[in-house]
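Chains as they are written, first to last, in this note's numbering: chain A, 1 to 296; chain B, 1 to 352.
Worth flagging that the hints you see were computed from the coordinates, not collected in a lab.
Everything numeric in this text was worked out from a predicted model, so none of it was measured.
Incorrect hints may have been included.
What the hints assert, rightly or not - Okay, the calculated beta carbon distance ranges per label pair:
1. A:108 <-> B:12: 30 to 36 Å
2. A:215 <-> B:299: 55 to 61 Å
3. A:204 <-> B:63: 21 to 27 Å
4. A:16 <-> B:12: 52 to 58 Å
5. A:13 <-> B:129: 40 to 46 Å
6. B:69 <-> A:159: 50 to 56 Å
7. B:136 <-> A:114: 43 to 49 Å
8. B:54 <-> A:119: 44 to 50 Å
9. A:215 <-> B:39: 32 to 38 Å
10. A:285 <-> B:29: 52 to 58 Å
11. A:215 <-> B:104: 21 to 27 Å
12. A:16 <-> B:132: 31 to 37 Å
13. A:215 <-> B:54: 28 to 34 Å
14. B:104 <-> A:287: 34 to 40 Å
We treat Cβ as the ideally placed atom computed from N, Cα and C, and that holds for glycine.
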Amino acid sequence: MIGLKDDETRLLPLMLAPAVSYIALLIGFPFVLSIAYSMTNISVGTTELKFVGLDNFISVVGSQTFWVALKNTCIITLVSQVFVVGLGNVLAGLLMADFTGKWWVRLLILLPWVAPISLGSIGWLWIFDSIYSVINWTARAIGLLGPFDWPIWLGQPDLAMASIIIVNVWRLLPLATVIILAGLSSIPQDIHDAAHVDGAGFWRHHFEITMPLVLPITLIAVLFGIVFTFTDMIVVFVLTRGGPYDTTQVLASWAFFTGIQGGDLAEGAAISLFLFPVLVAVAILFLGVARRTEVT
Amino acid sequence: MAIVEARNISKKFAEVTAVEQINLTAEEGEFLVLLGPSGCGKTTLMRMIAGLEQPSAGRIVIGGRDVTDLPPRTRNIAMVFQSYALYPHMTVAGNIAFPLRARGTSKVETAERVTWAARMFDIERLLDRKPRQLSGGERQRVALARAVVRKPEVFLLDEPLSNLDAKLRHSARDELKQFQRNLGTTTLYVTHDQVEAMGLGDRIAVLNQGLVHQIGTPQQVYDRPADIFVATFIGSPPMNLVELDDVVLGFRPESFLPEEVHPAQDGRSRLPFRITRSEYLGADRLVYGVLEPPYPPTHVISKLPTNIRVEVNSGERHDFAVRLADLNRFDRASGRRLAEDGEAASATSDLT
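Based on the sequences and whatever the hints tell you, model everything.
Given below as structure tokens:
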């Protein structure tokens with residue numbers, strides 16, 4: 001025991017080692033590898049590795065699917081985040097109130113976050129099924145759908161995008177709600193009381209007191225949401241496989257289809273690297289804004 | 001400016017009764033202090049007057065208007081919280097302007113009033129800062145400026161000085177009293193600090209366990225405590241209590257002096273006293289000891305001004321005395337003060 005305190009110089013690297021090696025092996029190494037791959041002609045059948053410079057990137061940018069995938073990625077991310085933040089605020093506000101069974105409601109709301117994305121998505125696959133869709137049958141039963149209306153959720157490009165957005169909202173809402181809830185409960189009751197006494201009505205109270213105070217932490221929730229949606233391929237992979245005709249392809253899924261299923265490792269690596277600068281920029285932007293709006 | 005009345009106010013939280021049947025009136029322009037130990041219900045009472053808490057029973061009347069069922073914003077009150085509750089994302093100017101904007105005051109008038117309030121508390125140079133950039137004393141001033149800016153009928157102050165350091169608290173107390181005098185606004189002030197209560201209040205309401213024990217001027221509360229709780233809660237060190245059969249005698253440590261220093265013409269009672277220990281506190285000496293027969297051996301304290309140079313040494317027996325006028329008598333069973341008339345008569349027969 002004597003040596004432990006004196007040995008801080010050796011203990012420190014020892015304690016950091018698991019985290020550092022985890023990042024280095026599972027994130028750093030693949031990252032470096034994909035940069036290296038993206039500048040070669042590597043594919044699953046390559047016998048002879050050749051350096052090709054930026055050729056892969058040029059070919060990716062020249063492909064029409066790239067622009068569709070980029071646009072889809074952005075639309076899915078932005079639209080789902082709008083709903084996630086909006087609904088997350090409403091839900092968090094409701095959960096702040098005291099009612100019996102609150103614990104159960106919180107648990108239920110958290111469940112989508114705990115469930116594996118792939119399992120959740122498979123559940124949704126059935127909900128959106130072209131024949132058995134629960135949504136369609138329910139809508140018909142209550143008279144919302146006429147006898148000749150039968151939306152094919154995953155088969156029509158616009159509905160397929162909507163489906164992907166719905167599933168993303170469903171799976172990211174719990175995290176955002178919990179984060180916003182934490183922000184709401186960190187506002188001292190005195191501040192709310194002061195606003196009441198100062199004469200603020202419901203809307204003024206909400207928009208001038210509560211919202212600005214949870215804004216920094218909401219931005220963190222949005223940052224997580226953007227990163228999770230932007231890099232996610234599971235929802236698209238399970239629901240539509242990018243179809244119909246690549247209309248719902250996103251960058252992550254396209255990288256997977258090209259690099260792993262198509263065997264063109266070099267081009268797949270190049271596609272996936274397009275995500276990186278965007279995400280870095282988003283992270284820097286949001287952390288900066290969150291820092292500036294931070295109060296206390 | 002308005003009269004604030006609490007009529008038969010009770011508040012129950014689940015099983016706990018926080019406030020029980022309180023009747024209280026703050027007169028126009030009065031500075032009324034609600035004093036009591038923590039958990040006595042004083043803050044709950046103030047929150048009910050503010051409208052932040054709904055009473056379980058009873059009515060709140062402000063300026064002749066029953067406001068019991070009205071929300072806080074229609075009561076025309078201002079409240080200063082112990083934490084100051086400044087809006088952290090707004091500048092000082094934004095904080096002070098908030099109550100005005102909430103009332104739809106015009107931009108020009110808002111600006112004028114903010115300047116007026118800021119000048120009153122000497123915080124004009126801080127208007128562009130955020131609360132986190134301010135010291136404790138500055139925050140307190142901003143909170144007060146935000147309270148006065150709307151010219152409310154009533155001020156409610158919830159321990160506004162307790163977050164300040166001791167030195168600042170003294171000057172802040174003085175300023176608070178000054179500005180309340182100038183504005184003449186009815187003020188309710190919650191505190192657990194008796195020195196603050198004595199110094200600030202026109203009257204003090206002493207609360208304990210949800211009940212009002214006494215309402216009176218600082219002098220009444222100090223000199224003529226209504227019961228044993230008030231007697232021991234106010235004053236430091238607290239009033240000495242001596243149990244004699246079914247009566248409890250009470251006298252302040254500063255009235256309990258060596259017999260020879262009492263002026264000869266005053267009626268007094270002698271209490272033989274064995275000194276155990278004394279403390280020198282600069283302006284005063286605290287002399288601890290035990291009463292001797294015919295009194296029960298009770299521990300009592302005497303507070304001697306340092307300019308009384310009588311020798312009192314540990315272990316010695318000395319005759320101390322209390323002026324009859326300074327003797328309080330309480331009923332032992334109920335703790336209530338006994339009537340004045342009986343007091344003088346029986347005190348003499350018991351004690352001489």
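Task: Unmet hints by their number, sorted upward, for this structure - done: Per hint list: zero violations.
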